[in-house]
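Novice: Guided by the hints, dock chain B onto chain A, whose structure is given.
Protein chains: 2
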Amino acid sequence: MIVFYPKIFKQFSKCDMVDIHTVKLYHGYLPMVKANISRRLKDIPASPIRKLASYADQAKKNGVRIIHLNIGDPDIKSPEVMINSLKKINQNPIPYCHSQGLSELLKALQWYYQKLGFNFISEKNIQITSGGSEAILMTLMAVADPGDEVIVFEPTYPNYLSFAKECNVKLVPVSTSIANHFHLPESKEIEKKITKRTRAILICSPNNPTGTIYTQKEIEMLVSLAKKHNLFLVADEVYREFTYDGRTHTSLLNYMKKMPDKIIVLDSLSKRYSVCGLRLGAIVTLNQEVLDGSLRIAQARLSVGYIDQFVASKLTEVSKKYFSDNIREYQERRNYICDSLSLIKGVNVYKPEGAFYLIVGLPVKSSEDFCRWLLTSFSLNGCTLMLAPAPGFYITKNLGKNEVRIAYVLNSAKLKIALDILKKGLIAYNKTS
Amino acid sequence: MIVFYPKIFKQFSKCDMVDIHTVKLYHGYLPMVKANISRRLKDIPASPIRKLASYADQAKKNGVRIIHLNIGDPDIKSPEVMINSLKKINQNPIPYCHSQGLSELLKALQWYYQKLGFNFISEKNIQITSGGSEAILMTLMAVADPGDEVIVFEPTYPNYLSFAKECNVKLVPVSTSIANHFHLPESKEIEKKITKRTRAILICSPNNPTGTIYTQKEIEMLVSLAKKHNLFLVADEVYREFTYDGRTHTSLLNYMKKMPDKIIVLDSLSKRYSVCGLRLGAIVTLNQEVLDGSLRIAQARLSVGYIDQFVASKLTEVSKKYFSDNIREYQERRNYICDSLSLIKGVNVYKPEGAFYLIVGLPVKSSEDFCRWLLTSFSLNGCTLMLAPAPGFYITKNLGKNEVRIAYVLNSAKLKIALDILKKGLIAYNKTS
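Residue numbers (my numbering), protein chains in the order written: chain A, 1333 to 1765; chain B, 1333 to 1765.
Pulled out of the complex, with its shape left as it was, chain A reads as follows (with noise of 0.2 Å):
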């Protein structure tokens, strides 16, 4: 607690706290004596997707459209069968459901961890979450005390480190780049920041913001690393479907049941089924002591939404057609973006294995200048972009400064015209700057 007063304050000065309103009365004014926030809120970071928000409803208020570009939320329909079953639904009261997840849920996430293949995977070894976001906390919580350290790659989901910072855990960023892909750095590269309190490995795959897939060499290489140092090996897979040119998503569910106590594996329903407003995710794990521990801590917060699971229980019943007419939809937006981003001079550009996003290098210096400069100051036929300026997915200083991220959830119309703007100011803003 500080608390600024003056010397003169004579009667105050043998104790450290100081009843505002008796100054004020004995002084005539107010000294700065202000409930102070804690360290850790200060810390959390502004999220660089939605940063510049203020910017864009700037922009909109001045009868600019806005083409958005940063933020993962699809145009994809969600799943008929789910729509209509709110129109179903018949319980009044609005109850409580059992804080690990609703029964008819948990049987369906079951059943969609089976047909995958995981026959292993029961009821019993998925939390149902309020979102991914709450997988994520949750997990960090379980695997990690303050001060001690989880290791991420960057550029990471932001907002890892915003749930790192609530719960005091410090992510130790491994760089991946452009150059490769953002594909791994050698098993060595990856040691060399494991210290005695390293308690976890997190990836992201198919990777958020990177659009990358690791492979079953770079998966089988984590394992070990997991292995030989007992660290938890946490898999965010929350975008497993969305693989492009026939590749397949090696998932960290087939090295459970061989590291029954160390993978964890954290899911959300959001973009598998195009849901993002019904907030449902789940940790998978066979470590009993992590489901114990999660369970109480979803006891402490009662239930997730009820509506939200009995619509998402609709889920055995979405067809095949369904994903396959999404995935498909999002690998033509996906060549449809690279190629046009390949012709504009200076981007450098690779094609994203997975997910809908990409970071890509832009010949600018500072790319979230050029971003609130797309929003303040440049617009083609009454229209602008909005993307994620990459500095922010970057735990490292100084890293990631021409990159943005962009979020191809957009039809191929909207792609056209924002790529159509994305051209055209780098031209504008490179003659400005």
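Note that these hints are calculated values from the structure, not bench results. Every value quoted in this text rests on a predicted model; they were computed, and no experiment measured them. Treat the hints with care, as some may be off.
One copy or any two copies: either way a pair holds, since identical chains are not told apart in the list.
[Said to hold, decoys possible] Result set (EDC-like, lysine to aspartate or glutamate): computed pairs, CA atoms no more than 16 Å apart in a straight line:
no.: 1; residue 1: Lys1748; residue 2: Glu1664
no.: 2; residue 1: Lys1374; residue 2: Glu1621
no.: 3; residue 1: Lys1366; residue 2: Asp1593
no.: 4; residue 1: Lys1374; residue 2: Asp1624
no.: 5; residue 1: Lys1456; residue 2: Asp1593
no.: 6; residue 1: Lys1383; residue 2: Asp1624
no.: 7; residue 1: Lys1366; residue 2: Glu1621
Specialist: Showing chain B alone in chain A's frame:
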């Protein structure tokens, strides 16, 4: 990281990490090398409200019906206007909302607070959360760093303990007792617990688990303490409307303008509208740093559920009669339960002033043993009773050992059966033990 292996494994003696598969290969068996969960996860307690659930499940399997007075999940209907709104949702895909909250719900909450007479509360002073639960966790993170202290009054809402363990905040208890109906002790008793690590006083009024409503005098005593010692004063007011015998509730909102930086009010829609399964709560404050920081936490978890927020935004259309009917119903239940309890020999009971809980002293040595016995060894006409043993609501060891918390959330017919089971159960239990 603890690794156990016999000293004969000489080849490992120079490192403190062991590749378990190598060890197995060389020595034919597996040493105890296991990824360790965090200290904090171990420390998170099981919910006293739900900890006897496995005994209840077993009783149900044995064909015994159970009346649940252990948990505050009311049978009161949700408002029709909310239930009907589910059929009007016309949004596909189901999208993320703004991290602060859905605009319609923010407007509805502003309307609600202004209708209560707090015209200074506008949308920008409200952060919508996933239940009151998330509001509590976010606020603990916002006001305290690991090792910092927050004063609470015991018996307390037990999930405060879990949230505090999750973010490594120390809850320091000030005891209240059934003898004075769980009202607050004198100011100097509270002051004894204030140290230089104290960051906040957290209260709940009307109180869960005691039903006590702090008087204006008590609230003003806390306001003075917060001012004098420069502490946050955090008020969980999720039962604000549940006041009986014409009592008024003194909300901390009344003092917010006087101490804009220090007061944080936590809210929930769960009980007010009997929508526990819609996960919606709020943080309300004039402290801009807390609002900014809460929003950054909220951005990390992206959004609260769209559907829940859409449904709840109809709160402006809920009739006054909905509340007056429900409050009358709860008051009648309270009267019935208190009158009946006072007729049971050896029971220590008072008349709770609000909410829908009370703590009751029973003529037993261990309420936990008695509650377990009710589930495992007693029934009346094929029916038994589940209560929450009170020790889990206390932080100080050995307090509340003969007490239980009762939630009177069921109709009178069920309460009558429940009280009959309790009465006859106590006689039978005290004969056997």
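Novice: Now tell me, hint by hint, if it's right for this structure.
Specialist: Hints versus structure:
no. : hint              : in the structure
1   : Lys1748 - Glu1664 : within (12 Å within a copy, 65 Å between copies)
2   : Lys1374 - Glu1621 : between (32 Å within a copy, 9 Å between copies)
3   : Lys1366 - Asp1593 : between (46 Å within a copy, 7 Å between copies)
4   : Lys1374 - Asp1624 : between (32 Å within a copy, 9 Å between copies)
5   : Lys1456 - Asp1593 : within (15 Å within a copy, 45 Å between copies)
6   : Lys1383 - Asp1624 : between (37 Å within a copy, 12 Å between copies)
7   : Lys1366 - Glu1621 : between (42 Å within a copy, 11 Å between copies)
The structure is consistent with each of the numbered hints, conforming to all of them.
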